[in-house]
Amino acid sequence: MSDEEEAPPPLVKRPRIFYGSLEERERERLGRGDSAASGREALKAGIESGNINISSGESLDLEERVSERQAEVLAEFERRKRARQINVSTDDAEVKACLRALGEPITLFGEGPAERRERLRNVLSVVGTDALKKSKKDDEKSKRSQDEFQQTWYHEGPSTLKEARLWLARYSLPRAMRRLEEARAHKEIPEATRTVRQQELHKSLRNLNNFCSQIGDDRPISYCQFSPNSKLLVTASWSGLCKLWSIPDCSLIRTLRGHNTNVGSITFHPQATLSLDEKDVNLASCAADGSVKLWSMDSDEPVADIEGHSMRVARVTWHPSGRFLGTTCYDHSWRLWDLEAQEEILHQEGHSKGVHDLHFHPDGSLAGTGGLDAFGRIWDLRTGRCVMFLEGHLKEIYSIDFSPNGYNVATGSGDNTCKVWDLRQRTCTYTIPAHQNLLSGVKFQPVDGHYLLTGAYDNTAKVWSHPGWSPLKTLAGHEGKVMGLDVAPDGQLIATCSYDRTFKLWMSE
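In our numbering, the protein residues as written are 1128 to 1636.
Derived by calculation from the structure, the hints in this document are not laboratory data.
Here the structure is a predicted model, which means the values were calculated and not measured.
Treat the hints with caution; some may be incorrect.
Claimed, not checked - DEER-style ranges, computed between Cβ atoms:
hint	residue 1	residue 2	range
1	Glu1428	Glu1467	20 to 30 angstroms
2	Glu1476	Gln1398	28 to 38 angstroms
3	Arg1381	Thr1320	37 to 47 angstroms
4	Glu1428	Pro1317	35 to 45 angstroms
5	Ala1468	Arg1346	34 to 44 angstroms
C-beta: ideal position from N, C-alpha, C; glycine also.
Using the sequences and the hints given, assemble the complete structure.
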């Protein structure tokens, strides 16, 4: 490239530097009076050029932000000071209970007792120690109300109930004395003689066989019972019909028509076929629609109806005196009816679910009930108190029966077991793993109680020795579940009725 084509170097503009003071020049400007105008013009020019930003009135108060932060820090210091002053128990269980009362988790992952105490102290420093006292008061109040709810309470009953209780006391005490005299007389029998009798009884029970089988109805037979003289058998069916059969030839005598739905049970008056006239009330039955009917022996229509039940009546049972009638209902109660006064004298609650079975003590002093709440209760009819609570079954209690010895009670349950209870010890003395399905019925030998009969939905009935509760015989033959059973008062026959619409009689060869 030639020298002619080279461009000349750019000129550097050197700034002017003034030495000395500008005071004289500033005085001249102020003397001319254009300082205010020039200041305004300079401000206006700065705003237009964007070098000066004017706010729209918003302001940021730094003092408030700083004061809030300071307040938080002070509050934290105060909280820590309170936490140091709070006394926390060194018992880890009590610390957990306090945390639970405050609604906090009782433990965290990897947390030890010391960390747990510190966490409780921090929580109390925030909510205050009064919160723990308040939660404890609430717990005590709820516990107190729960205890009050579980307490036994009474209400005034009619005068007829008091008269009935006095009558029951006068009736039961002589019978109890006779029972004890018989027990003492039995104890005086030599042990060898008693052992021989027991062995003979067990031998005859092992030889039980099906003596008679009879189709009883078109629908399942739900209940059967022998008459007090052991010459009749009454059956109840889901068809609503009840039938009287002669024993032992199993011929039909009479069909009792009155119920329109499933009949739960039908029972004989304690003096029926013995001293009671056929025209009097000899039988009582109940059904699923809540109806209870009374029957005579000379008619196939009911003599009277007992009204008052609004739900299913599962069982009806005569008191040993024959004056009173007990009914169990699925409205969680059972009732006692005075047939002489022709009125309900007792409506007893106590179960949390329906009451299925009821049985009276041989003396007439006690009543035992079994409910669908898996509990049984023993009631003293002379005072109205629940004298024993039968707790131990895992499922519903479907049957209960008193032994003639006066102190043993057997219960059959949906947990496939039969429990034997002792009224003297107030405890369960033995649990029999009786069947493969729920037990529908338990029955002691009526005379001496030397054996126990159980029936279940595994299509069998079994005989158990007493005492010892060892199995003696399995009564197999039904094609359906066994729904009811009974032992003849003379001890010669055993009856079972089934879902297969038949009833069978069993006799020792």
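Hint check results:
1. Glu1428 - Glu1467: 20 to 30 angstroms: Given a distance of about 23 angstroms, which is inside 20 to 30 angstroms, the answer is holds.
2. Glu1476 - Gln1398: 28 to 38 angstroms: holds, 31 angstroms
3. Arg1381 - Thr1320: 37 to 47 angstroms: holds, 44 angstroms
4. Glu1428 - Pro1317: 35 to 45 angstroms: Check failed, 55 angstroms falls outside 35 to 45 angstroms.
5. Ala1468 - Arg1346: 34 to 44 angstroms: Cβ of alanine 1468 to Cβ of arginine 1346: about 36 angstroms, so the range 34 to 44 angstroms holds.
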